[in-house]
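There are 2 protein chains.
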Amino acid sequence: MAETLPISPLAPKGGFPMLPKVEGVRFATVSAGVKYQGRSDVMLAELAPGTTIAGTFTRSKTRAAPVLDCQEKLGGASDAGAAIVVNSGNANAFTGIMGVTSVREITTAVADLLDIPEARVFTSSTGVIGEPLPHEKVLATLGDLKSGLSDRAIEDAAKAIMTTDTFPKGSMQTVEIDGAPVRIVGIAKGSGMIAPDMATMLVYIFTDAKIAFDALQPLVAGLCKGTFNAITVDSDTSTSDTLLVAATGASGIEVAGKGAFSAALFDVMDDLAKQVVRDGEGATKFVTVKVTGAVSDEDAKRCAMAIANSPLVKTAVAGEDPNWGRVVMAVGKSGAEADRDLLTIRFGDTLVAENGQIHPDYEEADAASHMKGENVSISADLGLGGGKFNAYTCDLTAQYIAINADYRS
Amino acid sequence: MAETLPISPLAPKGGFPMLPKVEGVRFATVSAGVKYQGRSDVMLAELAPGTTIAGTFTRSKTRAAPVLDCQEKLGGASDAGAAIVVNSGNANAFTGIMGVTSVREITTAVADLLDIPEARVFTSSTGVIGEPLPHEKVLATLGDLKSGLSDRAIEDAAKAIMTTDTFPKGSMQTVEIDGAPVRIVGIAKGSGMIAPDMATMLVYIFTDAKIAFDALQPLVAGLCKGTFNAITVDSDTSTSDTLLVAATGASGIEVAGKGAFSAALFDVMDDLAKQVVRDGEGATKFVTVKVTGAVSDEDAKRCAMAIANSPLVKTAVAGEDPNWGRVVMAVGKSGAEADRDLLTIRFGDTLVAENGQIHPDYEEADAASHMKGENVSISADLGLGGGKFNAYTCDLTAQYIAINADYRS
Numbered sequence: 041m042a043e044t045l046p047i048s049p050l051a052p053k054g055g056f057p058m059l060p061k062v063e064g065v066r067f068a069t070v071s072a073g074v075k076y077q078g079r080s081d082v083m084l085a086e087l088a089p090g091t092t093i094a095g096t097f098t099r100s101k102t103r104a105a106p107v108l109d110c111q112e113k114l115g116g117a118s119d120a121g122a123a124i125v126v127n128s129g130n131a132n133a134f135t136g137i138m139g140v141t142s143v144r145e146i147t148t149a150v151a152d153l154l155d156i157p158e159a160r161v162f163t164s165s166t167g168v169i170g171e172p173l174p175h176e177k178v179l180a181t182l183g184d185l186k187s188g189l190s191d192r193a194i195e196d197a198a199k200a201i202m203t204t205d206t207f208p209k210g211s212m213q214t215v216e217i218d219g220a221p222v223r224i225v226g227i228a229k230g231s232g233m234i235a236p237d238m239a240t241m242l243v244y245i246f247t248d249a250k251i252a253f254d255a256l257q258p259l260v261a262g263l264c265k266g267t268f269n270a271i272t273v274d275s276d277t278s279t280s281d282t283l284l285v286a287a288t289g290a291s292g293i294e295v296a297g298k299g300a301f302s303a304a305l306f307d308v309m310d311d312l313a314k315q316v317v318r319d320g321e322g323a324t325k326f327v328t329v330k331v332t333g334a335v336s337d338e339d340a341k342r343c344a345m346a347i348a349n350s351p352l353v354k355t356a357v358a359g360e361d362p363n364w365g366r367v368v369m370a371v372g373k374s375g376a377e378a379d380r381d382l383l384t385i386r387f388g389d390t391l392v393a394e395n396g397q398i399h400p401d402y403e404e405a406d407a408a409s410h411m412k413g414e415n416v417s418i419s420a421d422l423g424l425g426g427g428k429f430n431a432y433t434c435d436l437t438a439q440y441i442a443i444n445a446d447y448r449s
Numbered sequence: 041m042a043e044t045l046p047i048s049p050l051a052p053k054g055g056f057p058m059l060p061k062v063e064g065v066r067f068a069t070v071s072a073g074v075k076y077q078g079r080s081d082v083m084l085a086e087l088a089p090g091t092t093i094a095g096t097f098t099r100s101k102t103r104a105a106p107v108l109d110c111q112e113k114l115g116g117a118s119d120a121g122a123a124i125v126v127n128s129g130n131a132n133a134f135t136g137i138m139g140v141t142s143v144r145e146i147t148t149a150v151a152d153l154l155d156i157p158e159a160r161v162f163t164s165s166t167g168v169i170g171e172p173l174p175h176e177k178v179l180a181t182l183g184d185l186k187s188g189l190s191d192r193a194i195e196d197a198a199k200a201i202m203t204t205d206t207f208p209k210g211s212m213q214t215v216e217i218d219g220a221p222v223r224i225v226g227i228a229k230g231s232g233m234i235a236p237d238m239a240t241m242l243v244y245i246f247t248d249a250k251i252a253f254d255a256l257q258p259l260v261a262g263l264c265k266g267t268f269n270a271i272t273v274d275s276d277t278s279t280s281d282t283l284l285v286a287a288t289g290a291s292g293i294e295v296a297g298k299g300a301f302s303a304a305l306f307d308v309m310d311d312l313a314k315q316v317v318r319d320g321e322g323a324t325k326f327v328t329v330k331v332t333g334a335v336s337d338e339d340a341k342r343c344a345m346a347i348a349n350s351p352l353v354k355t356a357v358a359g360e361d362p363n364w365g366r367v368v369m370a371v372g373k374s375g376a377e378a379d380r381d382l383l384t385i386r387f388g389d390t391l392v393a394e395n396g397q398i399h400p401d402y403e404e405a406d407a408a409s410h411m412k413g414e415n416v417s418i419s420a421d422l423g424l425g426g427g428k429f430n431a432y433t434c435d436l437t438a439q440y441i442a443i444n445a446d447y448r449s
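As they're listed, the protein sequences go chains Z and X. Going from the first sequence to the numbering used here is simple: count from 1 and add 40. Going from the second sequence to the numbering used here is simple: count from 1 and add 40.
One chain only, chain Z, in its complex shape:
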């Protein structure tokens, strides 16, 4: 299926961005034939000694074996080299002891290959859930992976981790700190089973900044809230969501958990998160849901996610119908504190309803014209307090059904 889908109409118009080299990181990809044929499906990122690795992961109770392994390894000693190995086509999730064995086989072999501690090898797997991972196919390609390592192969890496994605996702920021450039580059995959809870499907970000784990980890977790934890395609949270941020320190520039570096890291995470939504299965519209006036930010998020996950709101967007009654419904069911008679709703800049009823000057043609665009904005002000949250989603189309009714066949 993945190979035959047309590229999302919401894909960035310029294609994959030009990403600068980040000192201390090299990539390689191979075709191991885990499931897909005729395309690369394994990627290796080799990281220089001293690289700090932070991460966030799915909070699913049925987390996959590679996720549990990564979580254990986070925060360990960082003086040695490190590696990230990812395969697509099989998620190695719900595979019992076989899944644990597969992770161990791969991490041990990669540790030997690169002469680094096994505790510094992180893996992810993405694809079908519940089928044993044929890890021997991955092991057979390790020699080719090592000999193929290149500091220019990040676009290939972004392609190797795709499943139902229709385009590879990359982003970058260069930020000047103490007069010298610090680079941040990242890649991501994901288009279905997207309702991240701590992270999204698979995201890998690399920087040559120098930063300790104790500063990087809370920074990454904090920035997740408004980026990967603010997106949803279908309300379905994956067993495998993983975000790893690797800071090689090769620039020699020490950074803290705030300021220019934090802002640049946010920009990369924000861009990648929105690219995941832009590749939402069957998506034809990118939707920003802005909730303000809630009693707290948590309540605003609850409300924004209820709107963003409502099948009736999402099908109305697909039909270019400014059906604000369904927005009212979603606010009402969200569980957030709300008073029907204080509610204000806008589509784009058009004021639709105020104080619990339709605005006297509202012309449906204005809202309908906004809905015809590729970017749709739905705003709800609850009129109760200062809590706010922006969520990002896409519309729900017949193509989503078509993709998911026969993904495995």
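Please note that a few of the clues may not be correct.
Identical copies carry no separate label here, and so any pair may be met within one copy or between two of them.
What the hints assert, rightly or not - Straight-line distance between alpha carbons at most 25 angstroms, and here's what the computed BS3-like set of lysine-lysine pairs gives:
#: 1; residue 1: K186; residue 2: K265
#: 2; residue 1: K53; residue 2: K186
#: 3; residue 1: K314; residue 2: K177
#: 4; residue 1: K113; residue 2: K75
#: 5; residue 1: K330; residue 2: K101
#: 6; residue 1: K101; residue 2: K428
#: 7; residue 1: K314; residue 2: K75
#: 8; residue 1: K428; residue 2: K177
#: 9; residue 1: K314; residue 2: K330
#: 10; residue 1: K75; residue 2: K298
#: 11; residue 1: K101; residue 2: K53
#: 12; residue 1: K412; residue 2: K298
#: 13; residue 1: K75; residue 2: K186
#: 14; residue 1: K412; residue 2: K113
#: 15; residue 1: K113; residue 2: K314
#: 16; residue 1: K53; residue 2: K298
#: 17; residue 1: K428; residue 2: K53
In case anyone wonders, no lab produced these hints; they're calculated from the structure.
Assemble the complex: chain Z is given as a structure, and chain X must be docked to it using the hints.
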């Protein structure tokens, strides 16, 4: 839209059931032209003096004006006659003070018409949210409604309250108590925006049993848990969900909140709830999700609803794909206590996975054959405790998108 949809393939094969007359209730319907043309869209049920009326309602924070009015009136004196008035085509929801006025205009006029207290007139409205209800169209038909009252018109009543429903929904039970028959009949409407929270879209049940409000109300609320609160079509909770149970007492048989009457009332509620699912927008399969082994019934419900609401599970059912990995995903995201390695999953009678991995004897052909049927059963045992819950839903098809992308046009 409602008029042109083909009848759901899951509709009861025998059509609308033969419902017995319930002494103390008469029905009438008219075409008021609220929104639909060429069909009836208002129904009146006249109830004899002394009728006890219990009910449950949506817990949405954006409840419609008629719902708020019904909630206030519940439990009042019941010696006088009573009435239920329902219009389709317009939900009178999010209509501010205009909505309150519309309710008052209708209830006052009906009270005058039937010479009963205004506090005994209950109304519901169902249809588009956010547009003012043209209540003068309803008022203009009251004379016709009164002259049309008949104790045989319940099927017409079931038809008048339909919106995107493709078939009218009715159910009955007759139960012998103290050697005499007590009758229970009910009608319901609903097919989208179905994820009831205390009740479903609109349900009216009538019985000639004699029962006090203080016994009937907790009975109805309790029976809701396993019936209307156990179904979901699209996870979207309506602003207007209303269930009213009217006991005329005309049989002279006093019943309590348990025993044979309770069992018969459950059967009627269960049947109507499942008929709502069977008319789920675009549905081609009726799905029973059984969760057992949870730490509590509440946790079992959380898990069952996560499976029943997952777009990825529902599209897999539409595609007749026994994609149990998606069931694992839904268990994991549900928030219910779960241990991946204790999980058992079945499609129909086929044991698919046990102890966190695929069963060695599992043959996909067996599960695939079950998925081809009209009734699909998905069972998950969490292996932790005695908590259990059954949820009922339908598949998610391209037809759901088609119906909802242009419902208003």
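These are the hints, each one checked on the structure:
{"no.": "1", "hint": "K186 / K265", "result": "neither (36 angstroms within a copy, 59 angstroms between copies)"}
{"no.": "2", "hint": "K53 / K186", "result": "neither (34 angstroms within a copy, 64 angstroms between copies)"}
{"no.": "3", "hint": "K314 / K177", "result": "neither (33 angstroms within a copy, 48 angstroms between copies)"}
{"no.": "4", "hint": "K113 / K75", "result": "neither (28 angstroms within a copy, 62 angstroms between copies)"}
{"no.": "5", "hint": "K330 / K101", "result": "between (29 angstroms within a copy, 19 angstroms between copies)"}
{"no.": "6", "hint": "K101 / K428", "result": "between (28 angstroms within a copy, 18 angstroms between copies)"}
{"no.": "7", "hint": "K314 / K75", "result": "neither (28 angstroms within a copy, 40 angstroms between copies)"}
{"no.": "8", "hint": "K428 / K177", "result": "neither (48 angstroms within a copy, 42 angstroms between copies)"}
{"no.": "9", "hint": "K314 / K330", "result": "within (15 angstroms within a copy, 36 angstroms between copies)"}
{"no.": "10", "hint": "K75 / K298", "result": "neither (42 angstroms within a copy, 57 angstroms between copies)"}
{"no.": "11", "hint": "K101 / K53", "result": "neither (38 angstroms within a copy, 41 angstroms between copies)"}
{"no.": "12", "hint": "K412 / K298", "result": "neither (39 angstroms within a copy, 56 angstroms between copies)"}
{"no.": "13", "hint": "K75 / K186", "result": "within (22 angstroms within a copy, 69 angstroms between copies)"}
{"no.": "14", "hint": "K412 / K113", "result": "neither (48 angstroms within a copy, 44 angstroms between copies)"}
{"no.": "15", "hint": "K113 / K314", "result": "neither (28 angstroms within a copy, 49 angstroms between copies)"}
{"no.": "16", "hint": "K53 / K298", "result": "neither (31 angstroms within a copy, 66 angstroms between copies)"}
{"no.": "17", "hint": "K428 / K53", "result": "neither (30 angstroms within a copy, 50 angstroms between copies)"}
This entry does not satisfy hints 1, 2, 3, 4, 7, 8, 10, 11, 12, 14, 15, 16 and 17, going by the numbered hints stated previously.
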